[in-house]
Amino acid sequence: MRLQYPPNVRIIEVPCTGKVDINHLLMAFEVGADGVIVVGCLEGDCHYMAGNLHAKKRVSRVKGILDRVGLGGERVGMYNLSSGMGGRFAEIVREMTEKIMELGPSPIRKATGTALKAAGEVAA
Amino acid sequence: MSAETPSKLQKMINSGNFAVTSEVGPPRSADGAIIEHKAMMIKDYVDAINVTDNQTSVCRLCSLAACIRIKQMGLEPVLQMVTRDRNRIAMQSDILGAASFGINNILCLTGDHQHFGDHASCANVFDLDSTQLAMCVRMMRDEGKLLGGWEFEVRPQMFIGAAANPFAGPNVAMRVSRLAKKVAAGVQFIQTQCIYNMDTIKTFMKMMVDRGLHEKVAILAGITPMKNVGMAKYMQKRVPGIDVPEEVVKRIGGVPKENQAEEGITLAVEQIEELKEVEGIRGFHIMAIEWEEKVPEIVERIGLYPRPQLA
Amino acid sequence: MIKAIPKPIEEIIENVKDCDKLLIAGCDGCVTVCEAGGLKEAKILASALRLYFTQGGKQAQVDDTSLTRQCEKEYLAQLSDRIDQYDAVVSLACGCGVQYLAEMYDKKVIYPGVDTCFMGVNEERGLYSERCQACGRCILAETGGICPIARCSKRMLNGPCGGSDKGKCEVSKDVPCGWELIYERLKTVGQLDRFENPTVPKDWTTSRDGGPRKIVREDLRI
Numbered sequence: 001m002r003l004q005y006p007p008n009v010r011i012i013e014v015p016c017t018g019k020v021d022i023n024h025l026l027m028a029f030e031v032g033a034d035g036v037i038v039v040g041c042l043e044g045d046c047h048y049m050a051g052n053l054h055a056k057k058r059v060s061r062v063k064g065i066l067d068r069v070g071l072g073g074e075r076v077g078m079y080n081l082s083s084g085m086g087g088r089f090a091e092i093v094r095e096m097t098e099k100i101m102e103l104g105p106s107p108i109r110k111a112t113g114t115a116l117k118a119a120g121e122v123a124a
Numbered sequence: 001m002s003a004e005t006p007s008k009l010q011k012m013i014n015s016g017n018f019a020v021t022s023e024v025g026p027p028r029s030a031d032g033a034i035i036e037h038k039a040m041m042i043k044d045y046v047d048a049i050n051v052t053d054n055q056t057s058v059c060r061l062c063s064l065a066a067c068i069r070i071k072q073m074g075l076e077p078v079l080q081m082v083t084r085d086r087n088r089i090a091m092q093s094d095i096l097g098a099a100s101f102g103i104n105n106i107l108c109l110t111g112d113h114q115h116f117g118d119h120a121s122c123a124n125v126f127d128l129d130s131t132q133l134a135m136c137v138r139m140m141r142d143e144g145k146l147l148g149g150w151e152f153e154v155r156p157q158m159f160i161g162a163a164a165n166p167f168a169g170p171n172v173a174m175r176v177s178r179l180a181k182k183v184a185a186g187v188q189f190i191q192t193q194c195i196y197n198m199d200t201i202k203t204f205m206k207m208m209v210d211r212g213l214h215e216k217v218a219i220l221a222g223i224t225p226m227k228n229v230g231m232a233k234y235m236q237k238r239v240p241g242i243d244v245p246e247e248v249v250k251r252i253g254g255v256p257k258e259n260q261a262e263e264g265i266t267l268a269v270e271q272i273e274e275l276k277e278v279e280g281i282r283g284f285h286i287m288a289i290e291w292e293e294k295v296p297e298i299v300e301r302i303g304l305y306p307r308p309q310l311a
Numbered sequence: 001m002i003k004a005i006p007k008p009i010e011e012i013i014e015n016v017k018d019c020d021k022l023l024i025a026g027c028d029g030c031v032t033v034c035e036a037g038g039l040k041e042a043k044i045l046a047s048a049l050r051l052y053f054t055q056g057g058k059q060a061q062v063d064d065t066s067l068t069r070q071c072e073k074e075y076l077a078q079l080s081d082r083i084d085q086y087d088a089v090v091s092l093a094c095g096c097g098v099q100y101l102a103e104m105y106d107k108k109v110i111y112p113g114v115d116t117c118f119m120g121v122n123e124e125r126g127l128y129s130e131r132c133q134a135c136g137r138c139i140l141a142e143t144g145g146i147c148p149i150a151r152c153s154k155r156m157l158n159g160p161c162g163g164s165d166k167g168k169c170e171v172s173k174d175v176p177c178g179w180e181l182i183y184e185r186l187k188t189v190g191q192l193d194r195f196e197n198p199t200v201p202k203d204w205t206t207s208r209d210g211g212p213r214k215i216v217r218e219d220l221r222i
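Chains as they are written, first to last, in this note's numbering: chain A, 1 to 124; chain B, 1 to 311; chain C, 1 to 222.
In case anyone wonders, no lab produced these hints; they're calculated from the structure.
These numbers come from a predicted model, not from an experiment.
Every residue, glycine too, gets a C-beta built ideally from N, C-alpha and C.
Heads up, some of the hints might be wrong.
What the hints assert, rightly or not - For lysine-lysine, the following BS3-like pairs were computed, each having C-alpha atoms within a straight-line distance of at most 30 Å: (1) LYS145/B <-> LYS154/C; (2) LYS57/A <-> LYS40/C; (3) LYS17/C <-> LYS110/A; (4) LYS214/C <-> LYS237/B; (5) LYS56/A <-> LYS7/C; (6) LYS40/C <-> LYS110/A; (7) LYS19/A <-> LYS173/C; (8) LYS63/A <-> LYS7/C; (9) LYS21/C <-> LYS110/A; (10) LYS110/A <-> LYS58/C; (11) LYS173/C <-> LYS57/A; (12) LYS57/A <-> LYS7/C; (13) LYS63/A <-> LYS21/C; (14) LYS145/B <-> LYS11/B; (15) LYS58/C <-> LYS99/A; (16) LYS63/A <-> LYS17/C; (17) LYS181/B <-> LYS17/C; (18) LYS56/A <-> LYS40/C; (19) LYS63/A <-> LYS40/C; (20) LYS181/B <-> LYS107/C; (21) LYS19/A <-> LYS40/C; (22) LYS181/B <-> LYS7/C; (23) LYS7/C <-> LYS110/A; (24) LYS181/B <-> LYS154/C; (25) LYS63/A <-> LYS58/C.
Claimed, not checked - To spell it out: a stretch of chain B is covered by chain C in this simulated footprint if at least three of its residues, at any positions, have a beta carbon under 8 Å from a beta carbon of chain C; those stretches are: (26) 29 to 42; (27) 152 to 164.
Using the sequences and the hints, build the whole thing.
Structure below.
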């Protein structure tokens, strides 16, 4: 389809969003991500029954944590797409990128003055 | 001691005279006449009469009813209230009831654990502790508000008291700190635990004075005359939080049995005379346990009779 | 098992905000089962605190670990060679574990990271409910295996009260009336005769009312 979306997105593939844990999301912010989106299957279409619903709750908890520690919950979001919705995916990435541009760099990156770190450095 | 109330006890303390209080323990029956009898014995010799609230966790005729009786005799009761047996609803309700009869003094206590009393197997409440009860009374009086937030017009005019035990050692400084906390909660007068160890009470009072606490709260020294050497030994060995030095036991035991009561009274009188000189002591709380008839003699001998009549 | 819930993170931040080196200590016992204070929760809290400190421009070290059980000295001892390097420890154990940790390392500042709630069961994942108040003298034989002390809002021993309506407690329509449950269960097991036996005032000395409790089992002690 040759869809264009911003190049500043790093895609991490998981078998199901049900695999995405709170710690994974927090870790992304610790290593310097400015925003994170979790993209799961459409609700009701999970191959593992309810993986995307679990993910939704976890994203919601991470939003709460980010609000409380001063990063802002709007830096994380959950979206549901089917594999045939590539166009919508590109649109979401563009929207999120614009939102993050408005918000500016994550306070973590501002404080440490570095771009993305390797996860191993944080969790040493 | 900021808030002014119609309390006669408060007026006496504020007048600069030594205040004198004593207590009446209600009977373990419905015999209200006993309260009147005991109150009659001491009424001309004290400024206010404490009524104990199921003291030592022994079930007795209730403090509030006894206080109402005393009030109706034209005397000045101090309602003792322990937090052991009732929750904040019941206690606030009793405070409103007491105030409706013109009772103007309350002594806020946590109360002995029921383990010591005649209903050791009962559940306890302790919804509030003594400090919180004092906060609660102050809120009711100064803000016209219940703990639950309800606001009302006719407020209880309570002079707020509490107890202090300088002898629950060994850390006297902690006891001073705790009293400071009670003062911060709104306590205006203190009746101390029975004093026998004069060194400790003086240390305690010195620490109070050094912190200026004696100006914020009136300390009434608790005095309990010993009836005999048996009582002295019992209080020394068996009563938690009471410090009876060995020389006191020796002194009472050193005289023939028939003279021990007299010696006990004399000791109490000497203690009071000595305490009159201690900065910060504003009066005396004479707890003559089941020995109320001796209160007049003690008050006469310490030169505080007749009681000043304040307008 | 003991049930707990994580404390609001802002409450924890308020306690630890001036620390430079922190240890978050989870417990692999009860609080892991109710997902309030196991290793995973310790990692989440540590990560959240690192984010908090970093965004505020502070370089703080926040480590995480989890002990087999914080209510036993043998397991608490696992921290002995490293606890000194921390300004404070946030314990995610129940109140017992937090206190025992503080008792063992009596000079170390210890903060609680969970609110310990009750002894209860896992109805479902994320749904826990109270069953026992540890009164120290079990009466379940008389009440059809359902405890009125834990499950009646008034802890009545001769219920139900007049406020019970359609099997629900007067406190909340979401709370089943403990005494309705007892009645139905006694009926089911053919022991309704027990229901009409008035229960005499209970001896509460073995409960919280008797003061701090202790079990001494001479047959077990070494």
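We went through each hint and held it up to the structure:
no., hint, result
1, LYS145/B <-> LYS154/C, "27 Å, holds"
2, LYS57/A <-> LYS40/C, "16 Å, holds"
3, LYS17/C <-> LYS110/A, "20 Å, holds"
4, LYS214/C <-> LYS237/B, "25 Å, holds"
5, LYS56/A <-> LYS7/C, "22 Å, holds"
6, LYS40/C <-> LYS110/A, "28 Å, holds"
7, LYS19/A <-> LYS173/C, "37 Å, violated"
8, LYS63/A <-> LYS7/C, "16 Å, holds"
9, LYS21/C <-> LYS110/A, "22 Å, holds"
10, LYS110/A <-> LYS58/C, "12 Å, holds"
11, LYS173/C <-> LYS57/A, "27 Å, holds"
12, LYS57/A <-> LYS7/C, "18 Å, holds"
13, LYS63/A <-> LYS21/C, "26 Å, holds"
14, LYS145/B <-> LYS11/B, "25 Å, holds"
15, LYS58/C <-> LYS99/A, "27 Å, holds"
16, LYS63/A <-> LYS17/C, "21 Å, holds"
17, LYS181/B <-> LYS17/C, "27 Å, holds"
18, LYS56/A <-> LYS40/C, "18 Å, holds"
19, LYS63/A <-> LYS40/C, "18 Å, holds"
20, LYS181/B <-> LYS107/C, "26 Å, holds"
21, LYS19/A <-> LYS40/C, "14 Å, holds"
22, LYS181/B <-> LYS7/C, "28 Å, holds"
23, LYS7/C <-> LYS110/A, "29 Å, holds"
24, LYS181/B <-> LYS154/C, "33 Å, violated"
25, LYS63/A <-> LYS58/C, "22 Å, holds"
26, 29 to 42, "violated (count 0)"
27, 152 to 164, "violated (count 0)"
The structure fails to meet hints 7, 24, 26 and 27 from the earlier list, while all remaining hints are met.
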